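Trainee: Sequence:
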Amino acid sequence: MKILIYGDNFNDNSGFGKELKNLIPTFLEEGHEVAQVALNYSGLPPREYKIKMYPTKILGVRSYWAAEVLDFAIDDFRPDIVFSVGDYFMLPHIVTIMTKPRDVRWIHWGVIDGDPMRKEYMVASSWANWNLVQSKYGAKILKETQKKVYGKTQAEVFYPPIDLEVFKPLNRELLRTKYKTDERFTVLFVGRNQYRKNTPVLLEAISKLKTVITNIQLLIHSTPTVSPNGTPDGFDLLNIVEEMDLKEYVASVK
Numbered sequence: 001m002k003i004l005i006y007g008d009n010f011n012d013n014s015g016f017g018k019e020l021k022n023l024i025p026t027f028l029e030e031g032h033e034v035a036q037v038a039l040n041y042s043g044l045p046p047r048e049y050k051i052k053m054y055p056t057k058i059l060g061v062r063s064y065w066a067a068e069v070l071d072f073a074i075d076d077f078r079p080d081i082v083f084s085v086g087d088y089f090m091l092p093h094i095v096t097i098m099t100k101p102r103d104v105r106w107i108h109w110g111v112i113d114g115d116p117m118r119k120e121y122m123v124a125s126s127w128a129n130w131n132l133v134q135s136k137y138g139a140k141i142l143k144e145t146q147k148k149v150y151g152k153t154q155a156e157v158f159y160p161p162i163d164l165e166v167f168k169p170l171n172r173e174l175l176r177t178k179y180k181t182d183e184r185f186t187v188l189f190v191g192r193n194q195y196r197k198n199t200p201v202l203l204e205a206i207s208k209l210k211t212v213i214t215n216i217q218l219l220i221h222s223t224p225t226v227s228p229n230g231t232p233d234g235f236d237l238l239n240i241v242e243e244m245d246l247k248e249y250v251a252s253v254k
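Going by our numbering, the first residue of the sequence shown is number 1, and it counts up by one from there.
Because the hints were derived from the structure by calculation, they are not lab data.
Some hints here could point you the wrong way.
[Unchecked claim] Mimicking SDA-like on lysine to any residue, the simulated pairs with C-alpha atoms at most 25 Å apart in a straight line are:
(1) Lys-247 x Thr-214
(2) Lys-147 x Pro-92
(3) Lys-140 x Asn-129
(4) Lys-136 x Lys-152
(5) Lys-197 x Val-226
(6) Lys-168 x Asn-22
(7) Lys-18 x Lys-57
(8) Lys-18 x Glu-29
(9) Lys-57 x Asp-71
(10) Lys-178 x His-221
(11) Lys-180 x Asn-215
(12) Lys-178 x Lys-148
(13) Lys-143 x Tyr-64
(14) Lys-52 x Pro-116
(15) Lys-21 x Arg-192
(16) Lys-50 x Tyr-64
(17) Lys-136 x Thr-26
(18) Lys-208 x Ile-220
(19) Lys-18 x Val-157
(20) Lys-119 x Gln-146
(21) Lys-148 x Lys-168
(22) Lys-57 x Gly-230
(23) Lys-50 x Pro-92
(24) Lys-208 x Phe-167
(25) Lys-2 x Leu-23
(26) Lys-147 x Pro-116
Note that the structure is a prediction, hence the values are computed from the model and not measured.
Work out the full structure, taking the sequences as your base and the hints as a guide.
Mentor: This is the structure in structure tokens:
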């Protein structure tokens, strides 16, 4: 079977890139022929998995999502399956490619991180033959939105693979002691610092809750990021914490 993957370059350090790096060997071991339309890829030879790669970070490509490169790759590689991987807000950018009459099955695997789900995301997802979602919450939101619009639902949970050589159990007692979680009502936030995640609203909630739950604390594990067009993304969280007078209620893991 020929599988064309569309998504983050598997050599990138992004979450989706790491997930694909773990999945591609499985496809290859099962005897499938694999190629990738790699977002943010300039055309340099890949470091691992010598599969066919279609670059998107090249002169003439109109946007980060490189729909025209995906279109070319489908005609050139002639896959049995297109396997797109990414947040569901990706799909409206490539829906013109998804809707072309081709003899190919389309599977999308991604993240839905908010309710209500925007209608254009759901409409684009309806052109996929199968939707895989990375959480039970996301599958629930997609099904609810599909039902409102189309009266029928399809979404299946497929969790990301975990590389056990990278993700190892930590000493939980040391972490509990370091962040005093046994002594406080602790809320944990894990996610990149991006505008769309609206972390200041979470900080505002902590500011209000601290008058009711006096021993509350927020642990933030959040790293800086840039938007697809390369501009800085995210909030000045340290300054917001100071402005809201939350220093004693917020601990940063990273």
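Trainee: Now tell me, hint by hint, if it's right for this structure.
Mentor: Verification of the supplied hints:
1. Lys-247 x Thr-214: holds (14 Å)
2. Lys-147 x Pro-92: holds (19 Å)
3. Lys-140 x Asn-129: OK: Lys-140 and Asn-129 at ~18 Å, within 25 Å.
4. Lys-136 x Lys-152: holds (18 Å)
5. Lys-197 x Val-226: holds (13 Å)
6. Lys-168 x Asn-22: holds (16 Å)
7. Lys-18 x Lys-57: holds (19 Å)
8. Lys-18 x Glu-29: Since the Cα atoms of Lys-18 and Glu-29 sit roughly 18 Å apart, the hinted pair holds (cutoff 25 Å).
9. Lys-57 x Asp-71: holds (15 Å)
10. Lys-178 x His-221: Holds, at roughly 15 Å.
11. Lys-180 x Asn-215: Distance ~11 Å between Lys-180 and Asn-215 Cα, so the pair holds.
12. Lys-178 x Lys-148: This hinted pair is violated, its Cα atoms lying about 47 Å apart.
13. Lys-143 x Tyr-64: Judged against 25 Å, a Cα distance of about 28 Å means the pair is violated.
14. Lys-52 x Pro-116: Judged against 25 Å, a Cα distance of about 38 Å means the pair is violated.
15. Lys-21 x Arg-192: holds (20 Å)
16. Lys-50 x Tyr-64: OK: Lys-50 and Tyr-64 at ~24 Å, within 25 Å.
17. Lys-136 x Thr-26: Cα-Cα ~24 Å, so holds.
18. Lys-208 x Ile-220: Measuring from Cα to Cα gives roughly 17 Å; hence the hint holds.
19. Lys-18 x Val-157: holds (19 Å)
20. Lys-119 x Gln-146: holds (9 Å)
21. Lys-148 x Lys-168: violated (42 Å)
22. Lys-57 x Gly-230: holds (12 Å)
23. Lys-50 x Pro-92: Judged against 25 Å, a Cα distance of about 30 Å means the pair is violated.
24. Lys-208 x Phe-167: Violated. Lys-208 to Phe-167 sits at ~35 Å, over the 25 Å cutoff.
25. Lys-2 x Leu-23: Status holds; Cα separation ~15 Å.
26. Lys-147 x Pro-116: Cα-Cα ~13 Å, so holds.
Checked against the numbered hints above, the structure violates hints 12, 13, 14, 21, 23 and 24; every other hint is satisfied.
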